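Let the sequences and hints guide you as you build the complete structure.
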Amino acid sequence: VTDDATAKEAVAIRKLITSHRTEVKNARLAITRNFDSVKSQFIDAEKDVLAPAEEALENISQKILAYQEEQERLAREEAARVDAICAKFDTNAKSLRSQKACDEKGAELKQVFAELPEADQNHAEIKLAFTKAINELLTRKDELTTAERDEAEAAKLAAQRKREQEIAEAEAAKAAKSQKPAVKSGIKTKTVFTVTNPELVPRYLCEPSDKLIREAIANGLREIPGVEIREEKSF
Numbered sequence: 022v023t024d025d026a027t028a029k030e031a032v033a034i035r036k037l038i039t040s041h042r043t044e045v046k047n048a049r050l051a052i053t054r055n056f057d058s059v060k061s062q063f064i065d066a067e068k069d070v071l072a073p074a075e076e077a078l079e080n081i082s083q084k085i086l087a088y089q090e091e092q093e094r095l096a097r098e099e100a101a102r103v104d105a106i107c108a109k110f111d112t113n114a115k116s117l118r119s120q121k122a123c124d125e126k127g128a129e130l131k132q133v134f135a136e137l138p139e140a141d142q143n144h145a146e147i148k149l150a151f152t153k154a155i156n157e158l159l160t161r162k163d164e165l166t167t168a169e170r171d172e173a174e175a176a177k178l179a180a181q182r183k184r185e186q187e188i189a190e191a192e193a194a195k196a197a198k199s200q201k202p203a204v205k206s207g208i209k210t211k212t213v214f215t216v217t218n219p220e221l222v223p224r225y226l227c228e229p230s231d232k233l234i235r236e237a238i239a240n241g242l243r244e245i246p247g248v249e250i251r252e253e254k255s256f
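Residue numbering for the sequence shown follows the numbering used here, starting at 22 and increasing by one per position.
Please keep in mind that the hints were generated in silico from the structure rather than gathered at the bench. All figures in this text were calculated on a predicted structure; none of them were measured in a lab. Careful: at least some of the hints might be erroneous.
Subject to a maximum C-alpha distance of 25 Å in a straight line, what follows is the list of computed SDA-like cross-link-like pairs (lysine to any residue) [stated by the list, open to error]:
no., residue 1, residue 2
1, K36, D24
2, K126, N156
3, K109, R97
4, K211, E236
5, K209, V222
6, K177, I234
7, K115, T152
8, K162, K195
9, K148, F134
10, K109, K183
11, K153, V222
12, K183, K162
13, K148, E98
14, K232, A179
15, K183, T152
16, K254, S199
17, K84, D65
18, K209, I234
19, K232, G247
Listed next, with one range per pair, are the computed distances between beta-carbon atoms [what the hints assert, rightly or not]:
no., residue 1, residue 2, range
20, T23, N47, 32 to 42 Å
21, D57, R35, 27 to 37 Å
22, R251, K198, 19 to 29 Å
23, L78, I38, 50 to 60 Å
24, L149, L95, 15 to 25 Å
Beta carbons: idealized from backbone N, C-alpha and C, even for Gly.
As structure tokens, this is what we get:
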């Protein structure tokens, strides 16, 4: 299109094209309208044929849903029932303070388990809870046994240390009585000590305690294993 003449020719050609498109569309509609009517008839017939099937599908779907919901409800009830049984095997073992209490609790739990139906006794969660409870009681008994043994050993060691201290005190008192008064010369004598081997120091001085060692020396003791005692002179 370069001028008015060619522009007019282009407009005329466009009208011809538009008219041709309209004619083709109308011809297609004249043919397909009958097909559309037939298609609608087939769709309506399909709906009529499938209506019983659709109704049956809806019915069975509702029944399946109701069954699933019922199974879920029963599962929740069963879980709650099992949890309630498992709760009976809560030992709180750490609160038990004696072997007898552990044995009594164990007997009680075994009685509870024995009274359960066989199906519950074989239930994995219930069996696990019962086994765990018994093991907790056995562990607690072991802890109590160890504690009692440690307590007895501690008492034995304390008594031994006390006897050793009493013997040392008696020896120190005896040594102090046997010492002769020193001649006064104006020279002051100071007794000092050095721990040479802590492993050899008697139990009652096992810290080793300077205070306890000084007291023992002051009471006249002159030989203490692991301690060097010497005289230092000063004015």
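So, going through the hints one by one against the coordinates:
{"no.": "1", "hint": "K36 with D24", "result": "holds, 19 Å"}
{"no.": "2", "hint": "K126 with N156", "result": "holds, 12 Å"}
{"no.": "3", "hint": "K109 with R97", "result": "holds, 19 Å"}
{"no.": "4", "hint": "K211 with E236", "result": "holds, 14 Å"}
{"no.": "5", "hint": "K209 with V222", "result": "violated, 28 Å"}
{"no.": "6", "hint": "K177 with I234", "result": "holds, 24 Å"}
{"no.": "7", "hint": "K115 with T152", "result": "holds, 17 Å"}
{"no.": "8", "hint": "K162 with K195", "result": "violated, 49 Å"}
{"no.": "9", "hint": "K148 with F134", "result": "holds, 9 Å"}
{"no.": "10", "hint": "K109 with K183", "result": "violated, 49 Å"}
{"no.": "11", "hint": "K153 with V222", "result": "violated, 49 Å"}
{"no.": "12", "hint": "K183 with K162", "result": "violated, 31 Å"}
{"no.": "13", "hint": "K148 with E98", "result": "holds, 19 Å"}
{"no.": "14", "hint": "K232 with A179", "result": "holds, 20 Å"}
{"no.": "15", "hint": "K183 with T152", "result": "violated, 47 Å"}
{"no.": "16", "hint": "K254 with S199", "result": "holds, 22 Å"}
{"no.": "17", "hint": "K84 with D65", "result": "violated, 28 Å"}
{"no.": "18", "hint": "K209 with I234", "result": "holds, 20 Å"}
{"no.": "19", "hint": "K232 with G247", "result": "holds, 16 Å"}
{"no.": "20", "hint": "T23 with N47: 32 to 42 Å", "result": "holds, 35 Å"}
{"no.": "21", "hint": "D57 with R35: 27 to 37 Å", "result": "holds, 31 Å"}
{"no.": "22", "hint": "R251 with K198: 19 to 29 Å", "result": "holds, 23 Å"}
{"no.": "23", "hint": "L78 with I38: 50 to 60 Å", "result": "holds, 52 Å"}
{"no.": "24", "hint": "L149 with L95: 15 to 25 Å", "result": "holds, 22 Å"}
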